[in-house]
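Chemist: Modelling step: build the complete structure from the supplied sequences, incorporating the hints.
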Amino acid sequence: GENVEQHPSTLSVQEGDSAVIKCTYSDSASNYFPWYKQELGKGPQLIIDIRSNVGEKKDQRIAVTLNKTAKHFSLHITETQPEDSAVYFCAARSTSGTYKYIFGTGTRLKVLA
Amino acid sequence: GAGVSQSPSNKVTEKGKDVELRCDPISGHTALYWYRQSLGQGLEFLIYFQGNSAPDKSGLPSDRFSAERTGGSVSTLTIQRTQQEDSAVYLCASSLLAGMAYEQYFGPGTRLTVT
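One line per chain: the protein sequences are A and B, in this order. Residue numbering for the first sequence follows my numbering, starting at 14 and increasing by one per position. Residue numbering for the second sequence follows my numbering, starting at 3 and increasing by one per position.
Be a bit skeptical, because a hint or two may be false.
[Claimed, not checked] Under the rule of at most 20 Å between Cα atoms (straight-line distance), these lysine to aspartate or glutamate pairs were calculated in the DMTMM-like manner: (1) A:LYS70 x B:GLU105; (2) B:LYS19 x B:ASP65; (3) A:LYS123 x A:GLU96; (4) B:LYS13 x B:GLU87; (5) A:LYS55 x B:GLU105; (6) A:LYS50 x B:GLU46; (7) A:LYS113 x B:GLU70; (8) A:LYS50 x B:GLU105; (9) A:LYS35 x A:GLU69; (10) B:LYS59 x A:GLU15; (11) A:LYS113 x B:GLU105; (12) A:LYS55 x B:ASP26; (13) A:LYS70 x A:ASP97; (14) A:LYS55 x B:GLU46; (15) A:LYS71 x B:GLU105; (16) A:LYS113 x B:GLU46; (17) A:LYS70 x A:GLU92; (18) A:LYS71 x A:GLU96; (19) A:LYS113 x A:GLU15.
[Unchecked claim] Away from chain B, derived, C-beta distances all over 12 Å, residues of chain A: (20) LYS71; (21) GLN73; (22) HIS89.
Hints were generated in silico from the structure; no laboratory data involved. Don't be surprised by glycine CBs; every beta carbon is placed ideally from N, CA and C.
Modeler: In structure tokens, the structure reads:
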């Protein structure tokens, strides 16, 4: 079945440094890749997304890159701040006839002040 | 405006009992998703509803799990004869439509503990 692998599971960075989270998907027909941020006690919130016809997308300090050939996509956060500390999830939208999303296992990001 | 709400926020139940979890999506959203999040794990798809179409139940882990959506709005996820492995956070999300152009908005989840 469809699978999304996410690495690393935990990541600690110093405030101001960059953080990179990587995901690999198995379904070559996946065409939409959102990233979510989940803070303690809350539901995930969409922070950025990318479609399969685009290689890179940027929104202020956050960017996502997509390599369709290698079937992997990455989240890049620059100039990290303590409020960026959270769990981040990647997802791939299945094209197996429904709008089902397959999620990665999450990355706990800690930004150290 | 109001976001997705879920109730109860926490539920503790004894093994073997039935539980019902409720989701109130954003008004006007036609698509509704249920996910399960176990400790340290990602979000596991359970079921999704889109308008009046037949729901995609492919993620339900066993026949003890069922969900319905009445009147295209509120949804209830029912777990019968709960087992300890059912303990998890159950998340609901809604979107305007099910297509990829429409963001999923998540509720805060229901934390289910089966003792």
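Chemist: Take the hints in turn and mark each one as holding or not.
Modeler: Checked hints:
1. A C-alpha spacing of about 16 Å is found between LYS70 (chain A) and GLU105 (chain B), which places the hinted pair at or below 20 Å, so the restraint holds.
2. Restraint check for LYS19 (chain B) and ASP65 (chain B): the C-alpha separation of about 15 Å stays at or below 20 Å, so the hint holds.
3. For the suggested pair LYS123 (chain A) and GLU96 (chain A), the alpha carbons sit about 9 Å apart, so the restraint of at most 20 Å is met.
4. For the hint linking LYS13 (chain B) to GLU87 (chain B), the alpha-carbon distance of about 14 Å falls within 20 Å, and the restraint holds.
5. The hinted pair formed by LYS55 (chain A) and GLU105 (chain B) meets the criterion: a straight-line CA distance of about 17 Å does not exceed 20 Å.
6. A distance of roughly 16 Å separates the Cα atoms of LYS50 (chain A) and GLU46 (chain B); the hinted pair therefore holds under the 20 Å criterion.
7. A C-alpha spacing of about 17 Å is found between LYS113 (chain A) and GLU70 (chain B), which places the hinted pair at or below 20 Å, so the restraint holds.
8. A threshold of 20 Å between alpha carbons decides the hint, and for LYS50 (chain A) with GLU105 (chain B) the separation of about 13 Å falls inside it, so the pair holds.
9. Restraint check: the Cα-Cα separation between LYS35 (chain A) and GLU69 (chain A) comes to about 14 Å, which is no more than 20 Å; the hinted pair holds.
10. With a C-alpha separation of about 16 Å, the suggested pairing of LYS59 (chain B) with GLU15 (chain A) holds against the 20 Å cut-off.
11. Under the criterion of a C-alpha separation no larger than 20 Å, the hint pairing LYS113 (chain A) with GLU105 (chain B) is consistent with the structure, at around 13 Å.
12. This hinted pair checks out: LYS55 (chain A) and ASP26 (chain B) have alpha carbons roughly 16 Å apart, not beyond 20 Å.
13. Taking the CA atoms of LYS70 (chain A) and ASP97 (chain A), the gap is about 19 Å. The hint holds against a cut of 20 Å.
14. With a C-alpha separation of about 17 Å, the suggested pairing of LYS55 (chain A) with GLU46 (chain B) holds against the 20 Å cut-off.
15. As the CA atoms of LYS71 (chain A) and GLU105 (chain B) are separated by approximately 17 Å, the hinted pair is consistent with the 20 Å bound.
16. Among the hinted pairs, LYS113 (chain A) with GLU46 (chain B) is consistent with the structure: their alpha-carbon atoms are about 10 Å apart, no more than 20 Å.
17. The straight-line distance between the Cα atoms of LYS70 (chain A) and GLU92 (chain A) is roughly 17 Å, inside the 20 Å bound, and the hint therefore holds.
18. Taking the CA atoms of LYS71 (chain A) and GLU96 (chain A), the gap is near 19 Å; set against the 20 Å cutoff, the hint holds.
19. Distance restraint check for LYS113 (chain A) and GLU15 (chain A): the Cα-Cα separation of roughly 10 Å lies within the 20 Å cut-off, and the hinted pair is therefore satisfied.
20. Distance check on LYS71 (chain A): its Cβ is at least 18 Å (rounded) from any Cβ of chain B, clearing the 12 Å threshold; non-interface status holds.
21. Against chain B, the non-interface label of GLN73 (chain A) holds: every CB pair exceeds 12 Å, the least being about 18 Å.
22. For HIS89 (chain A), the requirement that its beta carbon stay farther than 12 Å from each beta carbon of chain B is met, with the minimum near 20 Å.
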